[in-house]
Each structure stands twice: as C-alpha cells, then as structure tokens.
Amino acid sequence: MTNQTYQLVCGMEVHAELKTASKMFCGCKNDPFHAEQPNTYTCPVCLGLPGALPVANKRAIEWTIKLGLALGCKINLFSKFDRKHYFYPDLPKGYQISQYDLPFCYDGTIETEHGTVRIHRIHLEEDTGKLLHKTVAGKQLSLIDFNRSSVPLVEIVTEPDITSAAHAAAYGKQLRSIMKYLDIANCDMEQGGMRLEANVSLRPANETALPNYKTEIKNINSFRFLEQAIDFEVQRQTALLEKGERIPQETRGWNAVKQETYPQRSKEDAEDYRYFPDPDIPPIRFTTEQIEALRAELPELPDAVSRRWEAEYHVSRSLAAQVLENQAAAELYETLFSRAKQQGVSAEALLKNIQSKKVPAPESVGAEKSLAAFEALQKTESIDTTELTTIIHKVLAENPDISAKYFHGQKQIIGFAMGQVMRQLPQKSDPSQVRTALLRELESST
Amino acid sequence: MLLDKSIAELAGLLRKREITIEQLVLESIERCEQGVSLNCFISLRDKQALLKEAREKDAALSDDKHLLYGMPFSVKDSYVTQDLPTTSGSRVLKNFISPYTATVVQKLLDTGAILIGKNNQDSWGHGGSNENTDFGPVKNPWNPAYISGGSSGGSAVAVAARMVTFSIGEDTGGSIRNPASMCGISGLKVTYGRVSRYGTIAYASSLDTVGPLAKSAEDLAIVLQTIAGSDPKDGSSSHRPVDTYTEGLTDGVVGKKIGLPKQFFAENYNPEVRSTILAAVEQMKELGLTTVELDMPMLNYAIPIYYMLASSETSSNLARYDGVRYGTGRENFLPESARRIMLGTYALSAGYAEKLYKNAQRARTLLIDNYADAFKQCDFIAAPTTPSPAQKFGELLDNPMENMLADLFTATINIVGVPSLAVPAGFTADKLPIGLQIIGDKFQERAILTLARAYQDATTWHKEVPEIHL
Numbered sequence: 001m002t003n004q005t006y007q008l009v010c011g012m013e014v015h016a017e018l019k020t021a022s023k024m025f026c027g028c029k030n031d032p033f034h035a036e037q038p039n040t041y042t043c044p045v046c047l048g049l050p051g052a053l054p055v056a057n058k059r060a061i062e063w064t065i066k067l068g069l070a071l072g073c074k075i076n077l078f079s080k081f082d083r084k085h086y087f088y089p090d091l092p093k094g095y096q097i098s099q100y101d102l103p104f105c106y107d108g109t110i111e112t113e114h115g116t117v118r119i120h121r122i123h124l125e126e127d128t129g130k131l132l133h134k135t136v137a138g139k140q141l142s143l144i145d146f147n148r149s150s151v152p153l154v155e156i157v158t159e160p161d162i163t164s165a166a167h168a169a170a171y172g173k174q175l176r177s178i179m180k181y182l183d184i185a186n187c188d189m190e191q192g193g194m195r196l197e198a199n200v201s202l203r204p205a206n207e208t209a210l211p212n213y214k215t216e217i218k219n220i221n222s223f224r225f226l227e228q229a230i231d232f233e234v235q236r237q238t239a240l241l242e243k244g245e246r247i248p249q250e251t252r253g254w255n256a257v258k259q260e261t262y263p264q265r266s267k268e269d270a271e272d273y274r275y276f277p278d279p280d281i282p283p284i285r286f287t288t289e290q291i292e293a294l295r296a297e298l299p300e301l302p303d304a305v306s307r308r309w310e311a312e313y314h315v316s317r318s319l320a321a322q323v324l325e326n327q328a329a330a331e332l333y334e335t336l337f338s339r340a341k342q343q344g345v346s347a348e349a350l351l352k353n354i355q356s357k358k359v360p361a362p363e364s365v366g367a368e369k370s371l372a373a374f375e376a377l378q379k380t381e382s383i384d385t386t387e388l389t390t391i392i393h394k395v396l397a398e399n400p401d402i403s404a405k406y407f408h409g410q411k412q413i414i415g416f417a418m419g420q421v422m423r424q425l426p427q428k429s430d431p432s433q434v435r436t437a438l439l440r441e442l443e444s445s446t
Numbered sequence: 447m448l449l450d451k452s453i454a455e456l457a458g459l460l461r462k463r464e465i466t467i468e469q470l471v472l473e474s475i476e477r478c479e480q481g482v483s484l485n486c487f488i489s490l491r492d493k494q495a496l497l498k499e500a501r502e503k504d505a506a507l508s509d510d511k512h513l514l515y516g517m518p519f520s521v522k523d524s525y526v527t528q529d530l531p532t533t534s535g536s537r538v539l540k541n542f543i544s545p546y547t548a549t550v551v552q553k554l555l556d557t558g559a560i561l562i563g564k565n566n567q568d569s570w571g572h573g574g575s576n577e578n579t580d581f582g583p584v585k586n587p588w589n590p591a592y593i594s595g596g597s598s599g600g601s602a603v604a605v606a607a608r609m610v611t612f613s614i615g616e617d618t619g620g621s622i623r624n625p626a627s628m629c630g631i632s633g634l635k636v637t638y639g640r641v642s643r644y645g646t647i648a649y650a651s652s653l654d655t656v657g658p659l660a661k662s663a664e665d666l667a668i669v670l671q672t673i674a675g676s677d678p679k680d681g682s683s684s685h686r687p688v689d690t691y692t693e694g695l696t697d698g699v700v701g702k703k704i705g706l707p708k709q710f711f712a713e714n715y716n717p718e719v720r721s722t723i724l725a726a727v728e729q730m731k732e733l734g735l736t737t738v739e740l741d742m743p744m745l746n747y748a749i750p751i752y753y754m755l756a757s758s759e760t761s762s763n764l765a766r767y768d769g770v771r772y773g774t775g776r777e778n779f780l781p782e783s784a785r786r787i788m789l790g791t792y793a794l795s796a797g798y799a800e801k802l803y804k805n806a807q808r809a810r811t812l813l814i815d816n817y818a819d820a821f822k823q824c825d826f827i828a829a830p831t832t833p834s835p836a837q838k839f840g841e842l843l844d845n846p847m848e849n850m851l852a853d854l855f856t857a858t859i860n861i862v863g864v865p866s867l868a869v870p871a872g873f874t875a876d877k878l879p880i881g882l883q884i885i886g887d888k889f890q891e892r893a894i895l896t897l898a899r900a901y902q903d904a905t906t907w908h909k910e911v912p913e914i915h916l
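Line by line, the protein sequences are chains A and B.
Take the first sequence: its position 236, counting from 1, is numbered 236 in my numbering, and each next residue is one higher.
Take the second sequence: its position 195, counting from 1, is numbered 641 in my numbering, and each next residue is one higher.
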C-alpha cells in the first residue's frame, strides 16, 4: 500500500530556448545546434570579455510576454534583469543575466486532460555555454563551446498543482505545443532546447498543506524520462516516509540507464546567488497599450481552435490536437474542414482517414485534393441506401424464415442474412453499414 | 613647448603649416621619455610607428579635418584596445590583448587623433592614490614624493607633464577629478550615460563614467564633443541629443547662482583646501554670480552609500577574472581590490543584502532627491574636489579608511549621476595643486564648462606647469 496513503505534490520548472535570429544580449547568430564549428557564433558580449556590455533583445522580451499572454498570465509593466552569481566554467561573466523579483509574466494557467496547472511565473534569461568532457590525444580535457552562451532562455515555473507523473507529462507536452504553435521555440528536447525539472514531494493523502521539503529532479530531456523519474521518486519517498524517515531537501538527477534518480546536491551546499539588478541594462517599462498590441498579435491558440472545431465541424478534440502543431497546419485544416462542411462531408471521418493514411494529407497535396480523394473513397465504399434497402427487402422476401427465426430469439440468423445481402451488393461494402440497415429493417417490420 | 598650447591653438598652427604633426608627436614621445620616472604609462606605442603615422597624417592634413586630427593623446588602461595590451592596472590581465576597441577610443581614433600609450591607474579603479597598481606608483609632477591621486593618476600626470594634449580617464567615485585636482589640471566627470562605456573595464557599472582630462575647460569641451552620444552597444547610454560644447563657451554666466552645501564647507578638512575653494567662490562672484547656502543632509552619508554600492557591483564585475579564461588567477588581486570584492560579496549575500545593499540603494534615492531639491535653488554647486592636497606615498596605503574619505566630495556626484568638473584653483604653501569642483544638473555639461571657462579666463592657475625633475 504505497500510493494510497501519500499524495504527490509536484511543480515544474521548464527551460526553453527562444528561436530569435540573434542572441539575448548581443547580435550573434542564435543557432547553437547547427553551427559548423564550436565558438563561431561568439563576440565580446557573449564571451563576457572585459568591457563588453549586454543590450537586451527586444524580440525575445516580446515573445516572452506573448507566451505569458497565451497562458493567461498577468504582465509586469515594470520589469528588469538581475544578475545571478555562481562560478562555473561555462558561465563566462561569473553571473547569469536572469530575472529575480520582477519576471515579465506571472499568474497564468495551462489546461491539461489531467487537470489545470497554475503558472507561477515566466521569466527570461540567458543560456550558458556548453561543456564537453573528452579525451584528446590521451589527455582528459574539458572543452567549452560558447555558441550557446547567451541564447535567450525562458523559464516557466508552475505552482505545485501536478498530481501524477502523467499529469506532469501532459503539462509539459501542452506547454511545448503552445510554444511551438506560437512559433517562438523549437523545443528540441534531445539537443537541450527544452529542459525539464520537477520538484517532487509527498504528503499524506488527507492533508492540504505543502510538505516541508522538496526534491528537485533536474535536466530531464524527455517526457518519458519525466514520468519515469517522478514515479521512481514517488516510490522512493513513500518507502522513506513509511519507515518514518525525514526526506532531505536536495537536487537529484535521472539516470535513464539504471532507471533511478541519484543525489546531486543537498540544501546545505545550496548556493547564495547574490541577486541584484543588472546595472548595465536599464529597467523595462511597458504601457498597457503595448501589452494589448502584443495580445492582438496572438493567434487563436490550439485549445481554442479545437474547441471551435468541435462545435463547428464536430471534430473530436483529441483528434484535432494531433494536427494542431503549428499555425500553418491549423489554417490548412480550417480550410479543409470548411470545404468539407460545405459539401456535406463529415470532417471527423475525413480526418480519421487522413490520419490512417487512407487519404493523402492536405500538408502534402493541399486541402482540395485531400477532400476530393476522400470523396472518391467514400463513393467506392459506401452503398447507396436506396439500393441497399431494395436488396434487403428482396432477401427477406425470398427467405421468410430469417424474420421468423429472428423474432423467436435466434439472433445468429443475422449472419446468414448478411451473407445473402452482401452477395448481392455490387461492390465490397462496409459490413457495419449493412448490419445496421438489416437490423433496422427487421426491427421495423414487427 | 608645443604641448603647452591649447588644442585650438595647435590645430590652427597645423593648418597654417607652422608646425607639423610629426613635431608634435616627437615632442610627445620626448616628454614621455623625459618623465619616465613619473611612471604614468603602462604601455607606449613604438616610437618609429608613431612617427610614421605622424608623417602620414601630415601628408593627409587638410583644413576640413577634425580639430583633434594629429593630436597626441593617451587613455587610461581600463579601455580595451586592439593594438596595445589592456591591464586595468592589474597583473590579473597581464597578458590580455583585447580583440576589440572601446567605443570612446575608436571615436577618437576616427578623428585622426594619435594614441601614444595607455596610462597607469589604481587597478580596476580601486583607489584614489594610484599606489594600488601592479605597475608601480605614479608620481606627482609637482613633487615626486607625493601621490598623483587616482584612480586615473597616469592620465592626469600625462596631461600635467605635457606629454599628451589630453587623456581619457574613468570616474566612478572621483577617479578623474581627484587626480586632475592633485596634478593641477582640468578633468570632467560626465552625466551617467552621456559617453558610451562600451569597452571600459567595469569597476561599478551604475557609477562608471568616461571623461576627458585636459589643460583647460576649453580643451575638455572639444574632447567631450567628440566622445559624447548614444551607442547601440551600451544600453545605458542616453539617447538625448548631444549639446554643442565647443561654441559659445564664452557666453556670460552673469546672474547665475552657485549653491554652497554647508556639508561641503564645514571646518572638518584641510584648511588650505577650504580657504582656497572659498577664495575661488569669491572669484566667481566677481564674474557676476551669486551664492546660496544649501543644506543637503544626505551628503554626510556619501562614503557608506558609495562603498556599499561600488563594492557590491565590483564584486560582480570582477567575478569573470576567475582564472579560467584569463592567464592569471585570483591570487593576483591586490589587497585593496580583495577588500572591496569581499565587502561587496558580503553586502549582496542572503541575509545581509536587505540591510546593506538595499539600504544603500534607498539612501541613493534620498541623495538623488537632495540634489534635485538643490538644483531648484541654484544653477551650480561648488565644492572642493578632495579634502586634502596630494599626500606623501604610503600615507593612504597604510590607512584604507583615509583612502576612502578621499572620495568624500566626489562620490555623491557619481551616485546621483550628475556632471562635475575639477579645475585648478590654487596651490598649497608647499606648491601642491588644489582643485575646485563645479557640479551641474544632469546633462548640464555645457553649463559647467561655460562657468569653468569663465573662471579660467579670469585666473591663471590652470596655466601653471610643473617643472619636471629629471
């Protein structure tokens, strides 16, 4: 009896690199994963050279605010960047430019099929360089690639609203889909373009207060690992709690090979980041009008689109979610569905056939051809109802014992009847359609 | 001596072909060589390369060239340059060559001015005596037993000893005005944001300013005109249009009001300095100005506010010199820098930041209010530059607290962000220079340069030249 006595309390911190053309505080190209050579997209600013100064990337700030607006956040009209200090070889200035007490966005929500997750805050910061430990000519070396240094990075922090590993994964996927839909981040998880952290603790199922500890699982790069890591932690922490042990506040990593978390850093050596406002970057002020202008630029978000499609085209939301990857796809399917509706074609059936690849996708052939292909397929597969009724009448008249046996409870006679009808149909037909029509005929003839 | 002449005079002589840039540069090199014991340069450009550049510039001289064309100048070693090493006065950067050049240096090079070398300084700007350097102390040309002041001591000495026509210093708490005052020359601390900081090795980013040191207010104005303006590479530079500083500087100052904060004129510092400054105020009254006494109580907190903020910021700015990317490690920081880094680290630490750093920021706001109120009552504020004339070597080094107090009259100007300049106003009985400070409201560089020009038109202190003891 593990999960019955304790309840998961989980919040997440997600980092995602924004896909702006240039880096966060300099004009260097922001494309760390496609650079041909390490340390080519660098300059005095992102190398932290003496005398260099950061200048904030306006677009990155606007995109962060758009993300916030998409998640229903409030926006701080007065905001600023702060310095977060720690020493690490991939951090060339000895501090990271981040946001401390005045993030651009706060208090939002994300809906998932497992429940709502409240967004605590969204702030903007710069990514670090990348360390590579390898052996070169027999010597163990740590190499640094600064192509990633100062790439804009948003951090999205939730409230501890997540109640299961599946919930956590659903949240992450939903967040990723929104960022991709807004076209602000590629969220390539394998490359580290999106990184997940889960704060996991347990409390007795009947309690509502937050536990007095949390375990931070850092740098998870897939949703599968996220679920596995949370499930592992739930089991590990449950066992400790059942033994009456106190769980220390610590940071843990996920070992995907061993399928377990492992301790990385305890609270005792938690760093004091000595945050203070970055004096090189003037505070940022927005007017309500500027924020509203950004809001007006927001597309209709996937959630709203799928709701509307459900109402207008009777497309189920789970099906819709699979094509709502980006705005271009949404527009394409919108065209497709509205044409289908005009022609009295079921959008749901059309979408199912596209997804099962029976009909070519509009992404490859265009909406018109996709719709035409579906109509052609329907012609060959569905039977004219008048013709079907005529044949059923004929079969029932020629075999009067079908009706008799059916009404005496010998329902299996329907199989024989179907065979008789199918044999007389002009082409290979949908048995369920035949069966439905046959049953309707038998029932109505009483 | 050509280098004793004003920039305008030299530019006129060049255009009349009465002198050549080669002569000017050669004299500059010779003065540097003669005054080598003053130790005001960390690096000098190669003599032959300089003379070659001078000859090329002579050949290309035309009347439409910039006033600074062909003028030998120097910069404090806190400005990164591609052609000469940049150390910021510290062994930590001993072998550092910057891959780029600071905006201020580039702007000057673009006029055709000729960079002679880079000046000694208190390392990282930490100090007011130019003793806290890994390249040896800088000596005062008026008496080599005395300090030059700092942290831009090398720049002040290079100008005072007529080695260059002007120099670029950096002022965080008085680092231009203090040595200018102690060496008997003029120095301008600009409004925060008026001159780009890009390429300036940071001491305390919210206080650092880039400004000129020269023989007169007239020359300061020419250099300021060249280096002022917004820079897309410095987000803290101002977009406000640049005033004209070089024309109409002789316009009258009659009827303008000078504020005298009673906190700057108490009898708690060197009496020779105080009486000299009071005499300078009398002189300005004769020019047609009036005075008003001010009460600015926050001035009493100048030193604690300044050292909390400057140390906090410097502990952050110097974090990058951790020994990973630059050749030499942290053990190379001198005691004064180590003290400031530790103080700042402490002031920003969890549990202390509220009491120390954040309180200093609140006090900063009060100080800004004090100055804003003051400038409702007057056009200028007059003050001494330093509480005492130059000290003998070792006096400040042995007494770090006294070293801090040297910033008493200059630091609040940086905290508030207003402009201020130091001009020579007299000498002690021992013939050590004393400097008057003229402070203006934000972006009022033109106004304070005008007053300084009027004062210098009526006085000769700035024309006194030290005899360099060879």
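No lab work stands behind these hints: they were computed from the structure.
It is possible that part of the hints are untrue.
What the hints assert, rightly or not - Restraint-style ranges between C-beta atoms, simulated for each label pair:
# : chain 1 : residue 1 : chain 2 : residue 2 : range
1 : A       : 192       : B       : 693       : 17 to 27 Å
2 : B       : 774       : A       : 295       : 35 to 45 Å
3 : B       : 814       : A       : 86        : 27 to 37 Å
4 : A       : 285       : B       : 738       : 43 to 53 Å
As the list claims (entries may be wrong) - The calculated lysine to aspartate or glutamate pairs, modelled on EDC-like cross-linking and capped at a C-alpha distance of 20 Å, are:
#  : chain 1 : residue 1 : chain 2 : residue 2
5  : A       : 84        : B       : 913
6  : A       : 58        : A       : 272
7  : A       : 29        : A       : 107
8  : B       : 888       : B       : 825
9  : A       : 352       : A       : 272
10 : A       : 58        : B       : 825
11 : B       : 451       : B       : 739
12 : A       : 130       : B       : 693
13 : A       : 74        : A       : 289
14 : B       : 801       : A       : 430
15 : A       : 84        : A       : 271
16 : B       : 540       : B       : 825
17 : A       : 84        : A       : 188
18 : B       : 804       : A       : 272
19 : A       : 84        : B       : 768
20 : A       : 379       : A       : 363
21 : B       : 703       : B       : 728
22 : B       : 801       : A       : 272
23 : B       : 838       : B       : 913
24 : A       : 80        : B       : 800
25 : A       : 19        : A       : 271
26 : A       : 29        : A       : 188
27 : A       : 180       : A       : 398
28 : A       : 84        : A       : 113
29 : A       : 19        : A       : 334
30 : B       : 804       : A       : 325
31 : B       : 708       : B       : 887
Computed from a predicted model, the values in this text were never measured in an experiment.
No residue lacks a Cβ here, since even glycine has one placed at the ideal position from N, Cα and C.
Handout entry: Violations among the numbered hints, reported as their numbers in ascending order
Key = When the structure is compared with the hints, numbers 1, 2, 4, 5, 6, 7, 9, 10, 11, 12, 14, 16, 17, 20, 25, 27, 28, 29, 30 turn out to be violated.
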